[in-house]
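Asks: Chain by chain, the residues:
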Amino acid sequence: MRVLVAMSGGVDSSVAAAQMVEQGHDVVGVTLKLWEGPNGEAPTAGCCTVSDSEDARRVAAQLDIPYYVLNYTSAFGQGVIDKFVDDYLRGWTPNPCVECNRSVKFDKLLDQAAEFDCDVLVTGHYARVRRANGRYRLLRGLDPSKDQSYVLYMLGQQQLSRVQFPVGEQTKAETRAIAEELGLRTAFKADSQDICFVGKGDYRDFVDGHTDAATAPGDMVDTEGNKVAEHAGVVGFTVGQRRGLGVTFGEPRYVVKVEPSTSTVVLGKKEDLETADCVLREVTWTDQPHEGPASFQYRAHGDPAPCSVAEQSDGSWLVTFIEPQLAIAPGQSGVLYNDDEVLGGGTITRGT
Amino acid sequence: MLYVDHAATSPMRPEVWEAMAPFAGEKFGNASGLHGIARQAKNALEEAREEAAALLGAAPMEIVFTSGGTESDNLAVKGAALVGGRRGGVVTTAIEHEAVLESAEFLSRFGCPVQWVQPSAGGVVSVDDVLAAVSSDTTVVSVMSANNETGIRQPVAELAGRMDGPLLHTDAVQAFASDDLHVGDLGVDLLSLAAHKFGGPKGVGLLYVRSGTNLEPVQHGGGQELGRRSGTHNAMGAVGMATAMRSAASQRANFCEQVRAERDSFESKVVKAGGVATGADVARLPQHAHVRLPDTTNETVLIRLDTAGVAAAAGSACQSGAVSVSHVLAAMGWDAEMAGGALRFTFGWTTEPGDGARAADALLAAWGKTP
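Residue numbers (our numbering), protein chains in the order written: chain A, 1 to 352; chain B, 1001 to 1371.
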């Protein structure tokens, strides 16, 4: 089998490539150049740095596989960065990793894999794909602390039939042990943490630098509408946020709502973040649509909450929780599971 | 393996390495020294300089050995603009190699007036447009002899004949393999070459500097190369470059005939299948084929060619090796989609009869057409 491995320069995709080589496949490695500075220079912080692609290149050379850097700056700019900025400007909490998987890795790259005569696209995600009776199921990765199935919920049968996640079948510790045993230079490389194109910088600075829309100063109000403070702009505030509010009270206060149209940030107590249900749009299913009991996850490493889902007359899906949930922000991905299996998911358009 | 990327670099000629080898061994001296070992290196360096000069119709003292085309371009453009502590004006074109473009950008950041002349849609810069951009501030005009992506020739000699005042520099890095470059006939003051484009070693080049031309050095130190380029002489590289120049010059007539035949057979097959040849109706280098395949992306085609053992190029790549949008094609008015279908196949001294047809067949297969 000829396989295309998306190599980020990290340990997971390095080991994924090594395992495919070990299994005797004809392997091609690629790194996606996703973004660049205003003058076309490679970023020096975050991911996609020259040193990341050089790590991937060196691992590919060690594995003796062809390796290419593919220019995805335009697809990533339109599909991910523009949407990230738009989401923040409307007071949502974006999930760029999900958008990247949806519109870049498992869309354009999957198409390109076919153009390179590759049967399968391999990535270093911690998730598992199972085939039974001609249908494909997407399961959580074996290592619960590293599970990344949440950011892969948009994969349908078409995509699942053409992807493989070898490291999802093992723990992170096992992945590192394999890398060490093979002497891969990425064996001890730290995991990436931040959003790749923001790095350790400030989201607000990033958004300001990518839009002409003014991020106007405005009021912080309590849930009754009384002004309690002022802020420099709504971008960067996200539902459930407690730190960095620029104002302190006798007891903890949280962002419960962000209203860009009036440049208002609403603060409340913890109980104001509670919600009994939420609404999902742009819902996709890994196989058949599912109604009834499920469990619901709305953060990458959040605990799944028991719920019931039902389609509404306008095509959106209502998720009703058994126990109220805290701080569900519009823009986040809501993913439905049955035990370890991803059923599908969508974008939360109404939460707390 | 079929190598059709000679514009990126050519393999070293065996006689070149043979001539260089002693200087990696027993003749290791520093040409600036006083002793016998140093004299060996110095003699070889000066013989190389004489040979390079003779092949260009220049005097030996007009040849400055450098680390390659990029350094030669930097020295020419910056050295001419900054001479005498001035911030002289630069006129260049939008299709130059990055070594010239970025040198001009650098000068512009430091207050030198810079003008970039656009080419026609056909990829040729007009002499009238260049002359119109020249003003009393202009100290140097830099126009390449032939473009590295398209192979299209630029009217350097005509410009030299019609221009008075500023120094004229030409980046002739792509042209030397096929063109008998005589600095007197060309009428230029400064001319850049890189050895590895015609079978010499990488890391060595030269700048022809017309006698009497004032240049501000850009690399400072021990004052080698008549104070124009400091740094320990690369005698080994200079010997390699001169040997490669001699070989290329002596075989040039045959070379041109052969690469043109391969290029033409390549192009006719590709055009017949629906490709579009760039510059087919203007003067261009015989070893260059630049084609556009509609409805495809060069990235995919190049990777499929690589899988098939064919080494070609898109003409523009960033540091990571990713294909990027070409500034040359953008200047010619191509949009991103058109530029995304552009491919460069370049033939060279190792090209054999039939390579053009083989390259075309491989390209058509990668493109999904039946040859």
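If you are wondering where the hints come from, they were derived from the structure by calculation, not from laboratory data.
The beta carbon of each residue, even a glycine, is placed where N, CA and C say it ideally should be.
Check the hints yourself; a few may be wrong.
Using 25 Å as the maximum straight-line C-alpha spacing, the simulated DMTMM-like pairs for lysine to aspartate or glutamate come out as follows [stated by the list, open to error]:
(1) B:1369 / A:119
(2) B:1042 / B:1005
(3) B:1369 / A:219
(4) A:83 / B:1306
(5) B:1269 / B:1257
(6) A:269 / A:259
(7) A:269 / A:323
(8) B:1202 / B:1026
(9) A:108 / A:219
(10) B:1269 / A:115
(11) A:108 / A:26
(12) B:1369 / B:1005
(13) A:172 / A:54
(14) B:1202 / A:54
(15) A:172 / A:191
(16) A:189 / A:87
(17) B:1272 / B:1335
(18) A:108 / A:119
(19) A:108 / B:1005
(20) A:269 / A:219
(21) A:108 / B:1295
(22) B:1027 / B:1005
(23) A:108 / B:1337
(24) A:83 / A:169
(25) A:108 / A:87
(26) A:108 / B:1051
(27) B:1272 / A:115
(28) B:1369 / A:115
(29) B:1369 / A:323
(30) A:108 / B:1299
(31) A:83 / A:119
(32) B:1202 / B:1051
(33) A:270 / A:219
For each label pair, taking beta carbons as the anchor points, the in silico distance ranges come out as [to be verified]:
(34) B:1368 / A:158: 15 to 25 Å
(35) A:171 / B:1307: 33 to 43 Å
(36) A:117 / B:1226: 31 to 41 Å
(37) B:1370 / A:204: 48 to 58 Å
(38) B:1120 / A:180: 50 to 60 Å
(39) A:209 / B:1219: 15 to 25 Å
(40) A:190 / B:1129: 45 to 55 Å
Asks: Run every hint past the structure and note whether it holds.
Replies: Verification of the supplied hints:
Restraint check for residue 1369 of chain B and residue 119 of chain A: the C-alpha separation of about 21 Å stays at or below 25 Å, so the hint holds. Distance hint between residue 1042 of chain B and residue 1005 of chain B is unfulfilled; the C-alpha atoms sit about 34 Å from each other, more than 25 Å. Distance check on the hinted pair: residue 1369 of chain B and residue 219 of chain A sit about 63 Å apart at the alpha-carbon level, beyond 25 Å; violated. Restraint check: the Cα-Cα separation between residue 83 of chain A and residue 1306 of chain B comes to about 35 Å, which exceeds 25 Å; the hinted pair is violated.
For a cut-off of 25 Å, the pair hint linking residue 1269 of chain B to residue 1257 of chain B stands: about 19 Å separates their Cα positions. Distance hint between residue 269 of chain A and residue 259 of chain A is fulfilled; the C-alpha atoms sit about 18 Å from each other, no more than 25 Å. The hinted pair formed by residue 269 of chain A and residue 323 of chain A meets the criterion: a straight-line CA distance of about 18 Å does not exceed 25 Å. Between the alpha carbons of residue 1202 of chain B and residue 1026 of chain B the distance comes to roughly 21 Å, so the proposed pair stays at or under 25 Å and holds.
Distance restraint check for residue 108 of chain A and residue 219 of chain A: the Cα-Cα separation of roughly 42 Å exceeds the 25 Å cut-off, and the hinted pair is therefore not satisfied. Distance check on the hinted pair: residue 1269 of chain B and residue 115 of chain A sit about 23 Å apart at the alpha-carbon level, within 25 Å; holds. Distance restraint check for residue 108 of chain A and residue 26 of chain A: the Cα-Cα separation of roughly 21 Å lies within the 25 Å cut-off, and the hinted pair is therefore satisfied. A distance of roughly 22 Å separates the Cα atoms of residue 1369 of chain B and residue 1005 of chain B; the hinted pair therefore holds under the 25 Å criterion.
Under the criterion of a C-alpha separation no larger than 25 Å, the hint pairing residue 172 of chain A with residue 54 of chain A is consistent with the structure, at around 23 Å. For a cut-off of 25 Å, the pair hint linking residue 1202 of chain B to residue 54 of chain A stands: about 22 Å separates their Cα positions. At roughly 10 Å between alpha-carbon atoms, residue 172 of chain A and residue 191 of chain A fall within 25 Å of each other, so this suggested pair holds. Simply put, residue 189 of chain A and residue 87 of chain A have alpha-carbon atoms about 32 Å apart, too far for the 25 Å limit, and the pair is violated.
Restraint check for residue 1272 of chain B and residue 1335 of chain B: the C-alpha separation of about 24 Å stays at or below 25 Å, so the hint holds. Of the supplied pair hints, the one linking residue 108 of chain A and residue 119 of chain A holds, its CA atoms being roughly 15 Å apart against a limit of 25 Å. Distance check on the hinted pair: residue 108 of chain A and residue 1005 of chain B sit about 28 Å apart at the alpha-carbon level, beyond 25 Å; violated. With a C-alpha separation of about 17 Å, the suggested pairing of residue 269 of chain A with residue 219 of chain A holds against the 25 Å cut-off.
Taking the CA atoms of residue 108 of chain A and residue 1295 of chain B, the gap is near 16 Å; set against the 25 Å cutoff, the hint holds. With a C-alpha separation of about 33 Å, the suggested pair residue 1027 of chain B and residue 1005 of chain B falls outside the 25 Å cut-off, and the hint is violated. Between residue 108 of chain A and residue 1337 of chain B the alpha-carbon distance is near 16 Å, which keeps this suggested pair within the 25 Å criterion. Restraint check: the Cα-Cα separation between residue 83 of chain A and residue 169 of chain A comes to about 32 Å, which exceeds 25 Å; the hinted pair is violated.
Simply put, residue 108 of chain A and residue 87 of chain A have alpha-carbon atoms about 22 Å apart, close enough for the 25 Å limit, and the pair holds. For the suggested pair residue 108 of chain A and residue 1051 of chain B, the alpha carbons sit about 54 Å apart, so the restraint of at most 25 Å is broken. For the given pair, residue 1272 of chain B sits about 23 Å from residue 115 of chain A by alpha-carbon distance, which is consistent with the 25 Å threshold. Between residue 1369 of chain B and residue 115 of chain A, the direct Cα distance comes to roughly 14 Å. Compliance with the 25 Å bound is thereby established for this hinted pair.
Taking the CA atoms of residue 1369 of chain B and residue 323 of chain A, the gap is about 60 Å. The hint is violated against a cut of 25 Å. With a CA separation close to 13 Å, the supplied pair residue 108 of chain A and residue 1299 of chain B stays within the 25 Å bound. Using a Cα cut-off of 25 Å, the hinted pair residue 83 of chain A and residue 119 of chain A is violated, with the two alpha carbons roughly 30 Å apart. The straight-line distance between the Cα atoms of residue 1202 of chain B and residue 1051 of chain B is roughly 19 Å, inside the 25 Å bound, and the hint therefore holds.
At most 25 Å may separate the alpha-carbon atoms for a hinted pair to count; residue 270 of chain A and residue 219 of chain A meet this at roughly 20 Å. The hint said 15 to 25 Å for the Cβ distance between residue 1368 of chain B and residue 158 of chain A, and at roughly 22 Å that hint holds. About 35 Å separates the C-beta atoms of residue 171 of chain A and residue 1307 of chain B, a value consistent with the hinted range of 33 to 43 Å. Look at residue 117 of chain A against residue 1226 of chain B: about 57 Å separates their beta carbons, and that is not inside 31 to 41 Å.
At roughly 56 Å, the beta carbons of residue 1370 of chain B and residue 204 of chain A sit within the given window of 48 to 58 Å. Range check, residue 1120 of chain B to residue 180 of chain A: Cβ separation about 59 Å, and the 50 to 60 Å hint holds. For the pair residue 209 of chain A and residue 1219 of chain B, the supplied restraint of 15 to 25 Å is violated, since their beta-carbon distance comes to about 36 Å. Against the hinted window of 45 to 55 Å, the Cβ-Cβ separation of residue 190 of chain A and residue 1129 of chain B comes to about 54 Å, which satisfies the hint.
In summary, the numbered hints that this structure violates are 2, 3, 4, 9, 16, 19, 22, 24, 26, 29, 31, 36, 39.
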